[in-house]
Amino acid sequence: MTMLLDLITGYWWDARDLSNMTRPLYEFLRDQGVSDAGIFVISALLGTLAIISFVGAVAIINIWVERRVVGRMQSRLGPNRLGPFGLLQPIADAIKLMQKEVLQPASAPGWIYTVAPIAFTVPGIAILAVIPWGRNMVLANLDVGLLYILGLSSLAVLSVFMAGYSSNNKYSLFGAMRVIAMLVSYEIPIVAGLLGIVLFAGSMNLQEIVLFQEEHWAFMIMLQPLAFLIYFFSISAELNRTPADIAEAESEIVGGYHTEYSGMKFGLFYAAELINAVAVSAIIATLFLGGWWTYKLDEFIPGWMLLIGKIYGVYFIFVWTRGTLPRFRIDQLLAFAWKWLTPMALINVIVVAAEVLLWNETGWSDWFWIPAIIAINTALCVGLIVFFVKVFAPKFQRFPTRPRFYPGIDVPSLPAVTPPDFARKGGPA
Amino acid sequence: MHSPVLTLVLHLEEVLIVGAALFAIGLYVALSKRNAIGILMGIELMLNAVNITFLGFARMSVSEDPIQGHVFAVFVITVAAAEAAVALALAVAIYKHRETVNIDQIDLLRW
Amino acid sequence: MIDQFGRAGFLLVFAVIFPLIPIVASVALGLFKIRPSKPDPIKDSIYECGMVPIGDAQVRYNVRYYVFGLLFVVFDVEAVFLYPWAVAYVGLGVYAFFEALIFMAILFIGYAYAWRKGAMEWL
Amino acid sequence: MIEDNGIVIAFWILSATTIACALMTAAVRELVQAVLFLALTFVGAAGIYICLSADFVAVAQILIYAGAVSVLMTFAVMLTPAADRHNSETIFQAPALVLSGLLLAVIVFVVLDTDWAISDAGAFQTTAASLGEAFLKPYVVPFEVASVLLMVAMIGAIVLTRELEEDDDA
Numbered sequence: 001m002t003m004l005l006d007l008i009t010g011y012w013w014d015a016r017d018l019s020n021m022t023r024p025l026y027e028f029l030r031d032q033g034v035s036d037a038g039i040f041v042i043s044a045l046l047g048t049l050a051i052i053s054f055v056g057a058v059a060i061i062n063i064w065v066e067r068r069v070v071g072r073m074q075s076r077l078g079p080n081r082l083g084p085f086g087l088l089q090p091i092a093d094a095i096k097l098m099q100k101e102v103l104q105p106a107s108a109p110g111w112i113y114t115v116a117p118i119a120f121t122v123p124g125i126a127i128l129a130v131i132p133w134g135r136n137m138v139l140a141n142l143d144v145g146l147l148y149i150l151g152l153s154s155l156a157v158l159s160v161f162m163a164g165y166s167s168n169n170k171y172s173l174f175g176a177m178r179v180i181a182m183l184v185s186y187e188i189p190i191v192a193g194l195l196g197i198v199l200f201a202g203s204m205n206l207q208e209i210v211l212f213q214e215e216h217w218a219f220m221i222m223l224q225p226l227a228f229l230i231y232f233f234s235i236s237a238e239l240n241r242t243p244a245d246i247a248e249a250e251s252e253i254v255g256g257y258h259t260e261y262s263g264m265k266f267g268l269f270y271a272a273e274l275i276n277a278v279a280v281s282a283i284i285a286t287l288f289l290g291g292w293w294t295y296k297l298d299e300f301i302p303g304w305m306l307l308i309g310k311i312y313g314v315y316f317i318f319v320w321t322r323g324t325l326p327r328f329r330i331d332q333l334l335a336f337a338w339k340w341l342t343p344m345a346l347i348n349v350i351v352v353a354a355e356v357l358l359w360n361e362t363g364w365s366d367w368f369w370i371p372a373i374i375a376i377n378t379a380l381c382v383g384l385i386v387f388f389v390k391v392f393a394p395k396f397q398r399f400p401t402r403p404r405f406y407p408g409i410d411v412p413s414l415p416a417v418t419p420p421d422f423a424r425k426g427g428p429a
Numbered sequence: 001m002h003s004p005v006l007t008l009v010l011h012l013e014e015v016l017i018v019g020a021a022l023f024a025i026g027l028y029v030a031l032s033k034r035n036a037i038g039i040l041m042g043i044e045l046m047l048n049a050v051n052i053t054f055l056g057f058a059r060m061s062v063s064e065d066p067i068q069g070h071v072f073a074v075f076v077i078t079v080a081a082a083e084a085a086v087a088l089a090l091a092v093a094i095y096k097h098r099e100t101v102n103i104d105q106i107d108l109l110r111w
Numbered sequence: 001m002i003d004q005f006g007r008a009g010f011l012l013v014f015a016v017i018f019p020l021i022p023i024v025a026s027v028a029l030g031l032f033k034i035r036p037s038k039p040d041p042i043k044d045s046i047y048e049c050g051m052v053p054i055g056d057a058q059v060r061y062n063v064r065y066y067v068f069g070l071l072f073v074v075f076d077v078e079a080v081f082l083y084p085w086a087v088a089y090v091g092l093g094v095y096a097f098f099e100a101l102i103f104m105a106i107l108f109i110g111y112a113y114a115w116r117k118g119a120m121e122w123l
Numbered sequence: 001m002i003e004d005n006g007i008v009i010a011f012w013i014l015s016a017t018t019i020a021c022a023l024m025t026a027a028v029r030e031l032v033q034a035v036l037f038l039a040l041t042f043v044g045a046a047g048i049y050i051c052l053s054a055d056f057v058a059v060a061q062i063l064i065y066a067g068a069v070s071v072l073m074t075f076a077v078m079l080t081p082a083a084d085r086h087n088s089e090t091i092f093q094a095p096a097l098v099l100s101g102l103l104l105a106v107i108v109f110v111v112l113d114t115d116w117a118i119s120d121a122g123a124f125q126t127t128a129a130s131l132g133e134a135f136l137k138p139y140v141v142p143f144e145v146a147s148v149l150l151m152v153a154m155i156g157a158i159v160l161t162r163e164l165e166e167d168d169d170a
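Residue numbers (the working numbering), protein chains in the order written: chain A, 1 to 429; chain B, 1 to 111; chain C, 1 to 123; chain D, 1 to 170.
Hints listed in this document are in silico derivations from the structure and should not be mistaken for laboratory results.
Quick reminder that beta carbons are idealized off the backbone N, C-alpha and C, glycines included.
Everything hinted at is true.
Coverage of chain D stretches by chain B, computed from C-beta distances (three or more under 8 Å per stretch; other residues unrestricted):
(1) 32 to 38
(2) 56 to 66
(3) 70 to 82
(4) 98 to 110
Kindly produce the complete structure, drawing on both the sequences and the hints.
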């Protein structure tokens, strides 16, 4: 085995790290007299093109993956006509969307209407710049990588508003405002929850966070189970996926903020959702699941393949929740964000700060502290969930406390509905 | 290192002039707009211009502790955010009471 | 450090170009008459469940949206202070821990007030 | 001074975009469009901060200004009725134009006339950690006062908006 490793380590065919492949290229270019600036531009372009092609492939493949997996979960077949297993379906969709007639509401402010889907797509792609794909494979090794991700993803809020506003449709604007209220509410647990990771790693650099996990031989999800749960739930709300897809509650607000969009502009919203889902899966895989590092496995399998595998593992869970969970009401979602996730995230920060403090001050070895921290934080996570379910959950009532549909008319709380007992009556007619 | 064909240089003066231009635009917006929210936008523009000059000084001028410029910029951002929150709440409250956010019609204190 | 941002900037430019491609392709198809284009007032009107739209869409919204935005801004600013604290935390000792504890406690007063006043309720 | 072709080019492109967006904020008649241009101005200013090697302030700018304050502004705009969502000038437009032009001229004159002490210390490699230390050591009082300020802003704004909610519709 070591002989085999000697045979590839450091050579250009060492595919475990694709930077091995580009280094000879840069050396060749330097010998040809290309300046440092030129090599910088070429390397940046190569990395950018790699990420853009990954995004393009993801946007096309995931349409099929999502529809197919959700179809199987709901005992349907999903797309199965075009090509083997319906694999050509996304291409057919793209062609159809592109040659559809463009319908733009007559009263919509034109440039906002057109810019909104583009602005919605940009953050999801730009986030991928800071994801480390291997030990030397990262496009932009930013020291503020985590805040870069948070800042860019908060820009999506404005593009949602642009779409809803420019559609000039009541349902679109309602949908957009509801989504913005939800997005800003879930931004806080995300920001506060990820602080725990920064405290452990002592850096906002994503590569450093992966190296921390490698050094301490533990995935961050073990050290920070509560932060993982907070992040996972919040981000599935940010992505507008069930259980928090109030953006597209057909029964309430038609199609949400993209009701008025058709053709390729609608297609961009659709593609952007898939790209965002994959970008978020990449963030989860990097922050919580070790990124390219997987317990020595990355010495044999290329780290970027492991990362893509983890990305699709996380993505499968997103599809799973979409395929199985019902939708929450907006007051339930907002109350959950403000009254539960936010305090939990802050408690998590304080607990982690205390742990890191003790870890550094006592000077005991990592072999004591890593298992201890894992035990404490897992107990904290389980305890808080049990506490929530036992004590707190009934407060998130089944009916809104004050349903005021019209000012002046005080509608009393709705009575609790007991479901009809189908078993006794022999089923519905 | 090959000698580049041309070397572009950015001086402190140019950064300060960009900041000044942004500040002048912000001042114009703050002084001339009728809508209270529009005035607030001008103030935010001015605060951004000030941040640009702070960071320009932090980067290029002589200082014992250049991080001070960054600290001040962060505090400016903080104060601006708090100010925006309260000022917009005021605008909303004024609208509720006076049915307008046009400041030339809000003349309660005029004698 | 800045060269890393330069690489991110390259990706940002391409991230803008990427969604522009299908839009431009769609427009080009329209120019070459491959795509149908027969506008009429019904098609260009907005969709409200098949009804003729009543009234203006630009209605006023409730104050509670603003309250959520407000809480969001305040907590976001708090996070901006806490992230550098978290990065510099190791090595600053007990002192740093209690500083942040006081910081969060003061903010928690505001949070408790907002909760008490029902600013986090929807409807 | 900065001697790097890439940074200088990026600085001038970003400055041009930022100032153009700021001018659009001033010129556009519709308030919502003005807010959107303002958000673009914030993003452009963040780019300028990056050129000045202030990475943390730049991402904080995007997170707070472009992500949060502009959203707050859109909320405030949407709270006013459609008839009030214009961005027109008062009669003070001409004096304001003259005054800001004069101010710009004075500042440019002073900037060009002054002999600035330029250091060649070079760029920061990373600012987040040193900012954290600065917050906890020399600037610990402003750090805590900032949290008091945020608390007061939160309470004040809630008090201001709370009384309005009683008679609200939509």
